Amino acid sequence: MAAPGYPVAEEGPEPVLPEVANVYWRPRASADSLHRRGRLWTAWMVAVTVPFALAGGTLIALAPLSFPVAIMALVHAWVIPELYAFRGAGVVRSKRREEGRSERVAQGLLGDLLGHDARELQRETGLAMERGKLGVWLVGEAGALLVAPGGRRVHCFCVGVNDGELPPSDKIAHLLLALRTDEEGFATVANHAFAGAPWRVRRRLDRPMRPALNLARKSASYTAAA
Amino acid sequence: MSRLIRMDSTGHSTLAEWSAEDQAGYEAAVEAFRRELDEGYIGVLDEGEGRATQVRDLPKDADLVIMRRPIAGG
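Here the protein sequences come in this chain order: A and C.
Per this note's numbering, residue 1 is the first one in the first sequence, and the count goes up by one each step.
Per this note's numbering, residue 227 is the first one in the second sequence, and the count goes up by one each step.
One or more of the hints may lead you astray.
Label-pair ranges, simulated between beta-carbon atoms [said to hold, decoys possible]: (1) A:Val23 with C:Asp264: 20 to 30 Å; (2) A:Glu120 with C:Arg277: 16 to 26 Å; (3) C:Leu263 with A:Glu165: 19 to 29 Å; (4) C:Glu243 with A:Trp25: 38 to 48 Å.
Output of the computed footprint for chain A on chain C, the stretches with three or more beta carbons under 8 Å from beta carbons of chain A [said to hold, decoys possible]: (5) 247-254; (6) 258-272; (7) 282-289; (8) 292-300.
Since the hints were derived computationally from the structure, they do not count as laboratory data.
Predicted model, so just to flag it, every value in this text is computed and none were measured.
Every residue gets a Cβ at the ideal spot worked out from N, C-alpha and C, and that includes glycine.
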């Protein structure tokens, strides 16, 4: 099912990614299931941060001399979501390596698969932007970010191709082709690592990648409003 | 000219090329395509504008068919 405000694929039999057979026990991902998963993450964040924040505030109010303990509680309330966001942003963190001939060849093929704007963005940020039914995707070497319609939540997916010899751009091309073949299947196969506010994920991204998230968020906001 | 390529450690390798009139070239491409399927590769026809289709038989009129490895959750 497409998210509200997003174009629905034309009628016809739904394509199925062959890799979905390897995770047959997982229910097929959809806009609804991702929305539910995002809300669960929000609830979990509230559950792990609010008690610490309340404990810290109460301690300071009732026994000001216990402020070291109160500060520790408040630090916990801040750090726990940051650690989750760090793990989430890590799915698209690239490994620095020398750019050899194979990478230049792979970059050419990836450039052919992407449109002009997405090609430029990928060269600058390392992330390939792809609009889909579920939102706006940013595809990296070993994972992808999905900015949900409205741009207020980012899902982080850990997914890749199990071939260490492939150049980075070929890894992105693998994921891009799988995503284009069956978007919901792609979201089913990928491991969901985190869902949260874009600002939280953005702070943990490598600096050159941040403009890609800004653009994806803007694009997701426009489409949802349309 | 149609092309069958495989994404690999070199960036990509051209496995076969054929044209609509070149039946022998197409048959050689089909053979190469099947060999890659047997090796575990997946054939994909990129249709542009965010669309791609998995192909189990080599389409004669395709411009470009790409062989990719399966993906998995990390």
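Q: Against the earlier hints, flag every one the structure doesn't satisfy and list their numbers going up.
A: Those not satisfied are hints 5 and 7.
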